[in-house]
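Undergrad: As a plain string of letters, each chain reads:
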Amino acid sequence: MSNLAWLFVAVMIVWIAIGAYLVSLSFRQRKLEARMAEISSSEDTA
Amino acid sequence: MEMTGRDRKLIWLGAAAWTAIAISVVLIFFVARTAQATMGGQLQRIFYLHVPAAWVAYLAFAIVFLASIAYLRTNDRRWDNLAHSSAEIGVLFLALVLITGPIWAHPVWGTWWQWDARLTSTLVTWLTYVGYLFIRNLTVEPRRAGRLAAVIGIVGLVNIPIVHFSVYWWRTLHPSGPTPANPVANSGLGAPELTAFFASLAAFTLLFAWLLSMRTRLGRLADRVDDLELQAVTRGPRQPAAHRREVVVT
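Residue numbers (my numbering), protein chains in the order written: chain A, 1 to 46; chain B, 47 to 296.
Incorrect hints may appear among the rest.
So the derived label-pair ranges between C-beta atoms look like this [stated by the list, open to error]:
id	chain 1	residue 1	chain 2	residue 2	range
1	B	T241	A	S42	52 to 60 Å
2	B	T241	A	A34	43 to 51 Å
3	B	L194	A	F8	36 to 44 Å
4	B	F76	A	A5	43 to 51 Å
5	A	S42	B	R266	18 to 26 Å
6	B	H210	A	W15	23 to 31 Å
7	A	V9	B	V279	47 to 55 Å
8	A	V9	B	T251	23 to 31 Å
9	B	S259	A	I16	49 to 57 Å
10	B	G177	A	F27	22 to 30 Å
Chain A regions said to be covered by chain B (calculated; three or more residues, Cβ under 8 Å) [unchecked claim]:
id	segment
11	3-10
12	19-32
13	36-42
No wet-lab data here; the hints were simulated from the structure.
Being a predicted model, the structure only gives us computed values, none of them experimental.
Don't be surprised by glycine CBs; every beta carbon is placed ideally from N, CA and C.
For reference, chain A alone in the conformation it holds in the complex (with noise of 0.2 Å):
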């Protein structure tokens, strides 16, 4: 592989790691609010 296909990988592990970590923030960040909602509601139908 040349070198400029290996700086292509770089680049590109580097901006798929990034945008994989904003992912999986915004998946835990559903699911904290999926459940909060879900605790309100089973208190306000107690």
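Following the hints, put chain B in place on chain A, whose structure we already have.
TA: Quick look at chain B alone, frame taken from chain A:
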């Protein structure tokens, strides 16, 4: 959900970070000149991601250190949340350092990995903070896990000067790079390269600040959910509304 002042700041910080990243990408690929073939030629541009990622990891672990001390002194969950969030991001960026370094080294050194002082100490640092994150899941009691992790967060910082100065203290394959006293020495960097480098450094720092703000917000949300769950458990099932009314009347 209504947008708070904190949310607006987060949006502005994110916009600033991504603008800085866009500018640095242009500088890295269109302004910085191609290095000599002995340094990897085009591949040497990895340096503009590799070094700022290492800087972010240093910064993240310094925050872990300070926040861990503050947590042990005050027992305030907010400090623990800051330390935990910063460690998570530091581990991510140090992993990127450990991945991008060998990609550059493979064609230049002829090997992916050398057990030299810089590479080994960086790996040990990464494993230390992976341990920090792992230990938080070992115990179910969050305060106990936080205090245990805080001790690792404080002791772990010892690794940083070892990583940084390893290239001066021992003979290593890793380039020594510029020193604070002489930023141009050993670097072979001219004005276009230094501009791209510092732009990338600033962009990564802004990106770190944005990620840290989002991660600490997530930690606060998790704490609120824990509190609500605890309240729901301690309160037990509520009495029917009619009965409650009756109690109030009597």
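Undergrad: Give a verdict on every hint.
TA: Hint check results:
1. Take T241(B) and S42(A): their Cβ atoms lie about 57 Å apart, and the range 52 to 60 Å holds.
2. Our hint of 43 to 51 Å for T241(B) and A34(A) holds, since their Cβ atoms are close to 46 Å apart.
3. A beta carbon spacing of about 42 Å between L194(B) and F8(A) agrees with the range 36 to 44 Å that was offered as a hint.
4. Between F76(B) and A5(A) the CB atoms are about 19 Å apart, so this pair departs from the stated range of 43 to 51 Å.
5. For the pair S42(A) and R266(B), the supplied restraint of 18 to 26 Å holds, since their beta-carbon distance comes to about 22 Å.
6. With their beta carbons about 26 Å apart, H210(B) and W15(A) fall inside the hinted range of 23 to 31 Å.
7. Distance hint check: the CB atoms of V9(A) and V279(B) are about 50 Å apart, consistent with the given range 47 to 55 Å.
8. Against the hinted window of 23 to 31 Å, the Cβ-Cβ separation of V9(A) and T251(B) comes to about 25 Å, which satisfies the hint.
9. The supplied range of 49 to 57 Å is broken by S259(B) and I16(A), whose beta-carbon atoms lie about 22 Å from each other.
10. G177(B) and F27(A) have their C-beta atoms about 24 Å apart, which keeps the hinted 22 to 30 Å range intact.
11. Only when three residues or more bring their CB closer than 8 Å to a CB of chain B does the claim for the segment 3-10 of chain A stand; here the count is 6, and the claim holds.
12. Coverage of the segment 19-32 of chain A by chain B holds. Counting CB-CB distances below 8 Å, 6 residues qualify, and the rule asks for three or more.
13. Counting residues of the segment 36-42 of chain A whose CB lies closer than 8 Å to any CB of chain B gives 4, which reaches the minimum of 3, so the coverage claim holds.
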